[in-house]
Structures are given as C-alpha cells and as structure tokens.
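The task is simple: from the sequences and hints, build the whole structure.
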Amino acid sequence: MMKNELSDLYRGYIACLNKQDWPDLGRFVGDEACHNGRRIGLAGYRSMLEQDYRDIPDLQFNIQLLISDPPLIASRLVFDCTPVGLFLGLAVNGRRISFTENVFYEFQGSKIGNVWSVIDKPAIEAQL
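Residues in the sequence shown are numbered consecutively from 34, following the working numbering.
Worth double-checking, as some hints may not be accurate.
[As the list claims (entries may be wrong)] With a Cα cut of at most 27 Å, we get these calculated DSS-like pairs of lysine-lysine:
#1 144 <-> 52
#2 154 <-> 36
#3 52 <-> 154
#4 52 <-> 36
[Unchecked claim] Here are the computed distance ranges between Cβ atoms for each label pair:
#5 52 <-> 150: 25 to 33 Å
#6 48 <-> 121: 24 to 32 Å
#7 38 <-> 118: 33 to 41 Å
#8 161 <-> 104: 20 to 28 Å
#9 38 <-> 150: 18 to 26 Å
#10 77 <-> 156: 23 to 31 Å
These are computed hints drawn from the structure, not numbers from a lab. Where a beta carbon is used, it is the ideal one built from N, C-alpha and C, also for glycine.
Put into structure tokens, the structure is as follows:
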C-alpha cells in the first residue's frame, strides 16, 4: 500500500470513530487486533471505543500530525472534551479538558493489527 493510500485509509478510520459507525469498524480493524500489547480482537476494540464514548459523550478524534510509512501510521491526536466522571483515574467530573494522544498503528493488509497508544495524562492533571 502506498503512503497516501494508507493515510486515506487512516482518515477513513478516524471518520468512522467520530461517527460512531460501529458496524463499519471491521472495515478498518482486524479480527485479531492488539492494543498496547494485549490481543483484544475486533469485538474488544469496539467495546473499548463504545466505553470511551459512554465516558466522554462529546469525544471527537482530531488528527494533528500524521506520518505514513507503510505498514505503519504514527499520529498525534488532539482532544477537547468533557468526561462525565473518572478519566484515567482522575476525577474530571464534567470539566472540559484538552489533551493529546500519541498513537502508532501497524496495518496488516488494509486493517489495523496493532495499536500502541500513550495519552498525555500530565496535561490533564495540570488542568484539574
């Protein structure tokens, strides 16, 4: 897959998340997907995202940086949202917060096989 094709595929994946189009998630995420070294599969991945939206009803994924080096994607995502209760063990309780996530994806063919994610928790702590 070419760099621009993988970038376009990733942007489609982000659009799927922002629309919460869970039936279409399997178009982007593999059946045996791993998240931070733990195999959770497509069902676990979907469950994780659905829980994210329950915890953060106004969640939107915004791409700040995107680097494509097939089969890898590196992205910096920016969030400006209001978690309803605890978030990453922090009592956010409906306060608006802004933070970033640095995330790396390994695609297997046209689907995400591995995801490694780091959220900037100190940025959130500084806002509370």
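A quick look at each hint next to the structure:
1. Of the supplied pair hints, the one linking residue 144 and residue 52 holds, its CA atoms being roughly 18 Å apart against a limit of 27 Å.
2. Distance hint between residue 154 and residue 36 is unfulfilled; the C-alpha atoms sit about 31 Å from each other, more than 27 Å.
3. Distance check on the hinted pair: residue 52 and residue 154 sit about 25 Å apart at the alpha-carbon level, within 27 Å; holds.
4. For the suggested pair residue 52 and residue 36, the alpha carbons sit about 24 Å apart, so the restraint of at most 27 Å is met.
5. The supplied range of 25 to 33 Å is broken by residue 52 and residue 150, whose beta-carbon atoms lie about 20 Å from each other.
6. Here the CB-CB span from residue 48 to residue 121 is close to 25 Å, well matched to the stated 24 to 32 Å.
7. Residue 38 and residue 118 have their C-beta atoms about 40 Å apart, which keeps the hinted 33 to 41 Å range intact.
8. Between residue 161 and residue 104 the C-beta distance comes to about 38 Å, which lies outside the given range of 20 to 28 Å.
9. For the pair residue 38 and residue 150, the supplied restraint of 18 to 26 Å holds, since their beta-carbon distance comes to about 23 Å.
10. Between residue 77 and residue 156 the CB atoms are about 27 Å apart, so this pair conforms to the stated range of 23 to 31 Å.
Hints 2, 5 and 8, counting from the list given before, are not met by this structure.
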